[in-house]
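Undergrad: Make the full structure from the sequences, and use the hints.
Chain by chain, the residues:
Number of protein chains: 4
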Amino acid sequence: MDERGKKYLLKEDREFQTDLGIIKKEQMERATIGDTIITHLDKEFKVIKPTVNDFIDLMERRCSILIQKDIGTVLARTGLGAGDRVIDAGTGAGAIALNFGNVVGDKGQVYTYEIREDFAEIAKRNIDNFGIKNIEVKNQDIKEGIDEEEIDLVFLDLPKPFEIFEDVKKALRLGGWLAVYAPYIDQAEVAYRIAKKLDFRDLTILETLEREMEIRPQGTRPKTRMVGHSGYLVFCS
Amino acid sequence: MDERGKKYLLKEDREFQTDLGIIKKEQMERATIGDTIITHLDKEFKVIKPTVNDFIDLMERRCSILIQKDIGTVLARTGLGAGDRVIDAGTGAGAIALNFGNVVGDKGQVYTYEIREDFAEIAKRNIDNFGIKNIEVKNQDIKEGIDEEEIDLVFLDLPKPFEIFEDVKKALRLGGWLAVYAPYIDQAEVAYRIAKKLDFRDLTILETLEREMEIRPQGTRPKTRMVGHSGYLVFCS
Amino acid sequence: MDERGKKYLLKEDREFQTDLGIIKKEQMERATIGDTIITHLDKEFKVIKPTVNDFIDLMERRCSILIQKDIGTVLARTGLGAGDRVIDAGTGAGAIALNFGNVVGDKGQVYTYEIREDFAEIAKRNIDNFGIKNIEVKNQDIKEGIDEEEIDLVFLDLPKPFEIFEDVKKALRLGGWLAVYAPYIDQAEVAYRIAKKLDFRDLTILETLEREMEIRPQGTRPKTRMVGHSGYLVFCS
Amino acid sequence: MDERGKKYLLKEDREFQTDLGIIKKEQMERATIGDTIITHLDKEFKVIKPTVNDFIDLMERRCSILIQKDIGTVLARTGLGAGDRVIDAGTGAGAIALNFGNVVGDKGQVYTYEIREDFAEIAKRNIDNFGIKNIEVKNQDIKEGIDEEEIDLVFLDLPKPFEIFEDVKKALRLGGWLAVYAPYIDQAEVAYRIAKKLDFRDLTILETLEREMEIRPQGTRPKTRMVGHSGYLVFCS
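In order, the protein sequence lines correspond to chains A, B, C and D. Quick note on the UniProt record's numbering: the first sequence kicks off at 1 and runs consecutively. Quick note on the UniProt record's numbering: the second sequence kicks off at 1 and runs consecutively. Quick note on the UniProt record's numbering: the third sequence kicks off at 1 and runs consecutively. Quick note on the UniProt record's numbering: the fourth sequence kicks off at 1 and runs consecutively.
Think of the hints as simulated: they come from the structure by calculation, not from any bench. Treat the hints with care, as some may be off.
[Claimed, not checked] In silico negatives: residues of chain C with every beta carbon more than 10 angstroms from chain D:
hint, residue
1, K24
2, R30
3, T32
4, I38
5, I115
6, E163
[Stated by the list, open to error] Derived lysine-lysine pairs resembling DSS-like cross-links, with alpha carbons at most 25 angstroms apart:
hint, chain 1, residue 1, chain 2, residue 2
7, D, K197, D, K169
8, C, K107, D, K197
9, A, K107, B, K133
10, A, K223, D, K69
11, A, K7, B, K196
12, D, K197, D, K143
Ideal Cβ placement from N, Cα and C applies to all residues, glycine included.
TA: In structure tokens:
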């Protein structure tokens, strides 16, 4: 983080150049969290512990990522916690897997399925860079089967998630949650009906609207522009 | 969980009576997660691992608790994860501390400040019952000082949270988050202005609206009734 | 209107009794707008000109009525004005016809179709009582044909509105609007697709959420409870 | 309206050029509503009766105009109808006055106050062009007094509307409405408190969110972008 509060993602093994000056390779290698580094222009950088969001903002992405408010709804509604075991498909650039990995910690585990090899590669790189060990990227089609059992949460962001609900049911522990992200109401409806047929319980379809308030000298008001929709979330257990 | 999916919170050390029959004290003591227990009326109960939400729904409460959607916004926006250290005030019945404790896990720690002794007692009981070891209930006024340092997240649900922002700033690690719950816009405004004066960064005031969709034979629609407002959340780091 | 601001709907031809005293039949007959009437308990009542909303709030109803916010959306989006000609089906208790009649005035005309005789009777009584002359209640099934032409607005609150879109198209003037109220998204979708097939233009599906703010001594906030959904409105011209 | 449904605002007294060909001055002068005009490129134009919205979309504007959803809320909540008498300040380009004029019709009257001469001129031109006779543009400061009495609706879009609430109270008929547009919550609060002090009744602060649904081949969903806020509306009578 520089003196202005701007954050950077640094690779240890090379020189780092910014408009506030150069940080040498040797400085990078020695730096640990809490250190202050001085550039050749005499500007200060602090080495901070990044949150998972800091990292996701700066990491390599080639596909859209689930927005924060929807991740929040999944975390809060399923009560995901440290030590839990999660399945996630498809991986994309790995953002949601990183969110889950961040929560479940060392004693938990995330298995993330991605059918496309290029995305799986990006995701692996991102996860390595974040330095988390509890996420296994599986470059395989989740429709061909789920290898894991006794899972606390299965999260699906797939075009036809309902095709694998029977497998999901077998993979979940008793009381575990299935959460489905569906941009279209039609997908959410089909997911709901099939989950019901398969005797899932606690079926809920949610949508979240987030408003940001602006504090200006003239007064306070919600922002003029807002995200009108990101997707529906279908939950069942 | 009974055959209908209804969940119960069981105390190991006594007989348990339901409309589906009695479970004896000996049965209760021997039961572990995954077991099936048969009542004297020949009904099946499954022993399941409760999520933090299952527990909070059934635990003892004497005050209102933060609603799930707001907890989700806090978790998602601050990127809280396993191993993090959190301060929370006021504790109330302990629900929000349990949510944080559930996420930060064994390697993390939650310090929860509660000025009222009766609430602190309820919270301690609830935390013991849930069986989590990483939450310290502190029956003291957070306005008299914060004992901890290098904290990842401070969450305040107090009438005048801004009175302690200077102390919060000292307690937070570089890059750590302050999150404030404020039911009234006026509180959120003051919190925002004071945080700005104290050079907090990334100031944001958010409000979340959650809609539930109904699937009926006639068609699909949002539910007629919804929660119109729970509170504003002020974030800064 | 009594001294507390409470409004009453008075029938001229009989004595009126309230908790603030009795108003005699003779007083009722003589009263005109602007008058002050004194009850036998010496309380004041003012005779006021009711708005269409005052009237609808107090009139006889046996069915649910479209909520105000949706009427507002129809009025604003179609630009309905004095002198316009409107078709409305089904009538119900006549509330929406009264709203339209109130706007189109003496030079305009509302034709309201209602298949059920009992509703048509209630609607006629309500319209007579409000004292408006520009609404014709037609106790006939609009599916059997629309008698009118050169209509500025057709408003449909029917289970399958799309069955009569071809007839509606013939009834509308060039540039006139069709507005459909649909509680379920499925109805709105079908209406949209059929309108598109029939070459209607300016197709839009809207939904409105209304929030009320509370001013309390402690501060300002949106109300805790709000209407989560009343219906979708499909517009085309 | 051309063959594609695009609408144009035509001046009778001159030749009209489009990418679909030229319409001669003589053709323009002869045209009446319902006519079809052929351009020199043999394209058809229909002469249609514009709604007030068609007109406002195409008229001259130099300032922002109140958005449709808010006009709808004012119309619906106050029950404005043909024959009513309205005061509106400030006029701006005249859009809201046109909306009111359109509803109150020949037997009603709109008095619109505008302090700036340039806006008052634009508004007069727009109103003349729309061809409505019931709007009087008053190029005077409404703070210096209200000339009218027995008004059904006063609508204020001013920075400090509350400064003239006493005058408004005198101008309103018993049971008439004051509606205030306030972009900031702070203005709405002050308006509310002062209205209360002045014994206005039925005080309400509303805010409306409008969502548009998208029908795509893949499915149905709310649009990604929406207007997050336009303003609060304060009502009292």
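Undergrad: Could you grab the alpha-carbon distance between K197(D) and K143(D) and see if it respects the 25 angstroms cut-off?
TA: holds (19 angstroms)
Undergrad: Would you assess whether I115(C), listed as outside the interface, keeps its beta-carbon beyond 10 angstroms of every beta-carbon in chain D?
TA: Per Cβ check, I115(C) is outside 10 angstroms of chain D; nearest 26 angstroms; holds.
Undergrad: Within a Cα-Cα threshold of 25 angstroms, do K197(D) and K169(D) meet the stated pairing?
TA: holds (12 angstroms)
Undergrad: Please settle this one: T32(C) was flagged as non-interface, so is its CB more than 10 angstroms from every CB on chain D?
TA: Answer for T32(C): holds, closest chain D Cβ roughly 13 angstroms.
Undergrad: Starting from K223(A), check that the Cα of K69(D) is at most 25 angstroms away, please.
TA: holds (17 angstroms)
Undergrad: A cut-off of 10 angstroms on Cβ-Cβ distance, and R30(C) was said to be off the interface with chain D. Does that hold?
TA: At roughly 18 angstroms from the nearest Cβ of chain D, R30(C) sits farther out than 10 angstroms, so the non-interface label holds.
Undergrad: Would the pair K107(C) and K197(D) pass a check requiring their Cα atoms to be no farther apart than 25 angstroms?
TA: Status violated; Cα separation ~41 angstroms.
Undergrad: Verify this label for me: E163(C) is non-interface relative to chain D, using a Cβ-Cβ cutoff of 10 angstroms.
TA: holds (19 angstroms)
Undergrad: So is K24(C) really clear of chain D, every C-beta pair being over 10 angstroms apart?
TA: holds (22 angstroms)
Undergrad: Is the Cβ of I38(C) farther than 10 angstroms from every Cβ of chain D?
TA: holds (16 angstroms)
Undergrad: Within a Cα-Cα threshold of 25 angstroms, do K7(A) and K196(B) meet the stated pairing?
TA: Holds, at about 19 angstroms.
Undergrad: Is the straight-line distance between the alpha-carbon of K107(A) and that of K133(B) 25 angstroms or less?
TA: holds (15 angstroms)
Checked against the numbered hints given earlier, the structure breaks only hint 8 and satisfies all the rest.
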